[in-house]
Amino acid sequence: EILGSIINGFALPLKAEHKQFLVKVLIPLHTVRSLSLFHAQLAYCIVQFLEKDPSLTEPVIRGLMKFWPKTCSQKEVMFLGELEEILDVIEPSQFVKIQEPLFKQIAKCVSSPHFQVAERALYYWNNEYIMSLIEENSNVILPIMFSSLYRISKEHWNPAIVALVYNVLKAFMEMNSTMFDELTATYKSDRQREKKKK
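So for the sequence shown, the working numbering puts the first residue at 323; every next one is plus one.
I should point out that these hints are in silico values taken from the structure, not numbers from a laboratory.
The structure displayed is predicted, hence computed values, not measured ones.
A hint or two may mislead.
Stated by the list, open to error - Straight line, CA to CA, 27 Å or less: simulated BS3-like cross-link-like pairs of lysine-lysine:
#, residue 1, residue 2
1, Lys492, Lys426
2, Lys476, Lys492
3, Lys337, Lys374
4, Lys374, Lys341
5, Lys374, Lys388
Stated by the list, open to error - Pair by pair, the computed Cβ-Cβ distance ranges are:
#, residue 1, residue 2, range
6, Asn498, Val347, 36 to 42 Å
7, Asn330, Glu380, 17 to 23 Å
8, Lys392, Ala362, 20 to 26 Å
9, Ile328, Glu516, 54 to 60 Å
10, Lys388, Lys337, 20 to 26 Å
11, Lys392, Lys337, 32 to 38 Å
12, Thr500, Pro435, 30 to 36 Å
13, Tyr451, Phe389, 21 to 27 Å
14, Met453, Glu504, 18 to 24 Å
15, Met453, Pro335, 29 to 35 Å
16, Phe389, Val411, 16 to 22 Å
17, Trp479, Ala338, 47 to 53 Å
18, Pro335, Gln438, 38 to 44 Å
19, Val418, Lys346, 24 to 30 Å
Quick reminder that beta carbons are idealized off the backbone N, C-alpha and C, glycines included.
Construct all of the structure, not just a fragment, from the sequences and the given hints.
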């Protein structure tokens with residue numbers, strides 16, 4: 323918390339050593355086993371940095387992708403929460419730079435067998451600002467997300483997740499109906515081909 327106040331007081335433009343501190347110290351702290359003890363404060367510090375200097379958004383998000391937890395669903399939920407905090411302050415010009423790796427990761431999270439991970443990722447579509455970014459870039463994001471969402475809508479064991487996915491698919495359909503129809507047709511014909519192979 324004290325560190326957050328210190329970062330808040332950094333003069334602009336940020337000094338090189340302050341940027342190094344973010345990339346070399348704060349981002350790697352996400353790998354610590356006891357992350358849950360200080361994660362909220364760490365996320366706050368990261369957001370403070372990005373509010374000071376939006377150009378740091380890309381290295382921060384790529385850093386989070388690099389250290390994304392592979393086996394701990396509780397940690398994944400924390401990462402998704404932090405990512406939403408970052409997206410709340412992201413500038414559209416920065417969003418465009420990281421949308422592909424970001425939504426590939428979100429598609430994996432939505433497909434997670436862990437209910438809480440999938441649910442947390444799907445909650446992004448309840449955030450008005452994130453929705454506006456998705457809408458502006460639906461031609462890039464929809465193809466990345468589509469097959470995961472469509473598959474889950476037909477196959478997921480949890481009715482709450484299926485309901486959330488339906489809402490997301492509905493939002494995408496309203497944003498870009500032409501592309502949505504094309505992706506649906508392609509998905510169905512691919513599935514038919516797979517069935518014939520079997």
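Violations among the numbered hints, reported as their numbers in ascending order: As far as the earlier hints go, not one is violated by this structure.
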